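From first to last, the protein sequence lines are chains A and B.
Residues 1 to 153 (my numbering) are what the first sequence spells out, left to right.
Residues 1 to 348 (my numbering) are what the second sequence spells out, left to right.
Honestly, I wouldn't trust all of these hints.
Here are the simulated DSSO-like pairs of lysine-lysine, each with C-alpha atoms no more than 27 angstroms apart in a straight line [to be verified]:
hint, chain 1, residue 1, chain 2, residue 2
1, A, Lys70, B, Lys342
2, A, Lys94, B, Lys327
3, B, Lys252, A, Lys70
4, A, Lys143, A, Lys132
Bear in mind the hints are in silico, worked out from the structure with no lab data behind them.
Values in this document were obtained by computation on a predicted structure and should not be read as measured data.
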Amino acid sequence: MANSNLPRRIIKETQRLLSEPAPGISASPSEENMRYFNVMILGPSQSPYEGGVFKLELFLPEEYPMAPPKVRFLTKIYHPNIDKLGRICLDILKDKWSPALQIRTVLLSIQALLSAPNPDDPLADNVAKHWKANETEAVETAKEWTRVYASGA
Amino acid sequence: MGASSSRRRRDDYYPPPPHYTSYPPPPPPPPHHHHHHHHPPPPPPHHRAPPPPPPPAASSYYYHPHPPPPHAYHGPWHPAPAPPPPLQQPQPPALTGPPPEYVEHQQAQKVKNYVNLHKDTIRLEPDGADPDRRLVAFTFDAVTDGRVTIYYFAKEGKDCSFSSVYPELQTLTKIPFQKGLAQRFIQPSGSGVDLGFFSLDELSNPSGEVYPLVVYAEAYPSPEEGGSSVNSTRAQITLAVLEKHNNDLRVKVIKQILWIDGVRYELQEIFGLVNSTEADVADADADDMGKECVICLTEPRDTAVMPCRHLCLCSECAKTLRFQSNKCPICRQPVEKLMEIKVRSPEP
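Just chain B, same shape as in the assembly (with noise of 0.2 angstroms):
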């Protein structure tokens, strides 16, 4: 390598290189020159952090089509090493309509979550008391009191509400909890369900919207601790199935939904969100490609790619790509909609 760097920083004028006028230089007819699929590189877009299966998220931020809540969310609540948050989306409103010819830019908003269910942490444990029956344990951040309900075989209804399509396999409870973070739960003895009854099959299929297991976590703030509407719900509804594992069942996580003030959201993971709480963007030389917008490699991400969902971009690169490419970057799906985020630092 020739070019000695402090050669290749200055920043004065250089001729144009001698032979590279046109390229490919001397052109001939060119042969039948389609485009070719190859295999080997599906090249990792950046292949230090590929893109998807993104790690699972916590939740913090979530795009809202209406005025922001009250309390929006402003500071750290999570464990200090907290998960990348997913954002979501807006279940109901905001996109009626047919989509539009040009992509919309939109500034995402944030929502205050009260509680979260860390979805990798949900599990089923035998109950001491009574081996056959299982009690559902889990990690979880509340920043308000609240409790939990448990449902088997749970449908939803109307406005977040959930009923088990088995009213007579458990006496519902609400199993009251305190705030703070990275608590865990475990639902008291004897409370438990024996689920070898049911067929596999019956426990691993979310068959026409029941799913074998709902946790309803409803927050209940304190007017000091939430505000005024205490009527409302404020709820974290986490969806899962059992599947077979290991001669053992293992829930799996279906989805995610936020009941709050009335509005439905379903939690959907960003795809590419590193911890941007640190501000670690400055540092990005460092060696890590995973915070800065992929293609300016130079300023934070801030600007998601819907519906795929990779943070990809940074607010300016987004406006350029809009008219050059209707493709993520990343994944080559089509663009709909862009989607800013600034994630703000934690404020102490």
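If we strip away everything but chain A, and leave its shape as in the complex, we get (with noise of 0.2 angstroms):
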């Protein structure tokens, strides 16, 4: 697929991120495929994930922007809306997907899903369950890997 028929809504938003990225947030698309973002989402301040870097990917599929973008975290983390391999529950992402939202919109949202995690709609079970079991302790664990897995180093 040659990146000379990427639309200029790709070029457009790509454009936009670049120059004005996000707070806490950065995406900038690979050389050799311009679908394809290196994201990085730093943790929101009062969450347990606060002080970590988390990289995520980013594919923007053929369908794009009529099917949504295609997202999965990178570094690990703990999170009852995430599981081991990165996917992520989000309504935005699947059938509440709308052509009006915008890679940075996502981000977005998947910034405020680390604000507020919802145990009572889970993905990854086993997390889900120990936050809905012992959530201090929860919240401790989400730290520990923050510090262990995102440290940013």
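Reconstruct the complex from the two isolated chains, following the hints.
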């Protein structure tokens, strides 16, 4: 797939992401494939992920923006809505996708998900169970994982 | 961010990504992967300009099911910083029969509105001579001379005529005005009504189609101004209720109707019409997400989704969307119809 066929929307989004990055979020396209983005999200303050730097990959399928981007955490994270493969449970990445959403809004949503884990709607069952049984302890684990895996070093 | 921009913009061929053939990569039996709904982000589709609620609008572009009337709107007659104009749908005809399976893609047509009351400016002011009586005041534009009639507790009758259900309350007078933009209107002293007599309930509810306040603004274009059909009425009617606010009465407009050459239109705002009369799409790159199609981020928006009235698409993307989704990109409501609205730049 040649980058020369890149729709103008993707070019514009990319330019805007680079020129006006959202706070705590960076996304830059791969040189080999402009539909593939290397993403970094800083753990939101007041969350168990504070201080962490989380790497993600984001891919814009051929149908984008009629279909949602595919996004996955590369950094290990202890979160009830993110599984061990880094897959994210977020409605706008599935049935609630709208072509009016963009890479930026998707990443902001993921950042918000880090601030608001939702163990009632889990993707990672064990984590969610842990979260519901003993939230304090689960949060401690999440902080620990953040230190160990997302220190940004 | 590694890649330099010159490199990125190059148009040459890039091989596929080294490791991005399938996604997600090593797919083991997926843990139940049903749809979840998270609260955190009902992310603003475009966060700079959240679509509804929209700015209130003045008027000038209307969809019309019939051939356009003789004097279609061409030029700007708003005061310069005119608010975005609303569109309105025809009340009666056009949409009869069951909704079609396919999504209609219609062209909007323009109808000239001769008088426009700025609906967010309408107020009740005490009459200096008799503070118990209230005078109706507002700002309006008129392209021709005309006159205003104010009704209290009025009901709509045939052909957009109005009459008060308490005829003894007031003597109806038609207050003349001259053409001009952004004029201030205030009811003449002594012609107001003492509303203290009515209960708040009565004032704030349009009960049984009776509206506590109706402003009927009609244009009488002279032959030079407007043309041949001087006899036909061209009016904009504003229907409002009165609400208590900080110990005072505040006017809340419920709807505006246009009655032009025997056709009744209800004015409705179009969401996302950002002063499209300016040639500002070229500027869109600047940082302004307000004016381009939400799908291609490139072309100007010229197509509204109905019935939710989100003007968010260009006509090309609207065609694409039709085949791929039946939901409005902004609000996810089902799309019944797409309406193309060519907003022409003002001609000097």
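So which of the earlier hints does this model not fit?
Hints 1 and 3 contradicted; others consistent.
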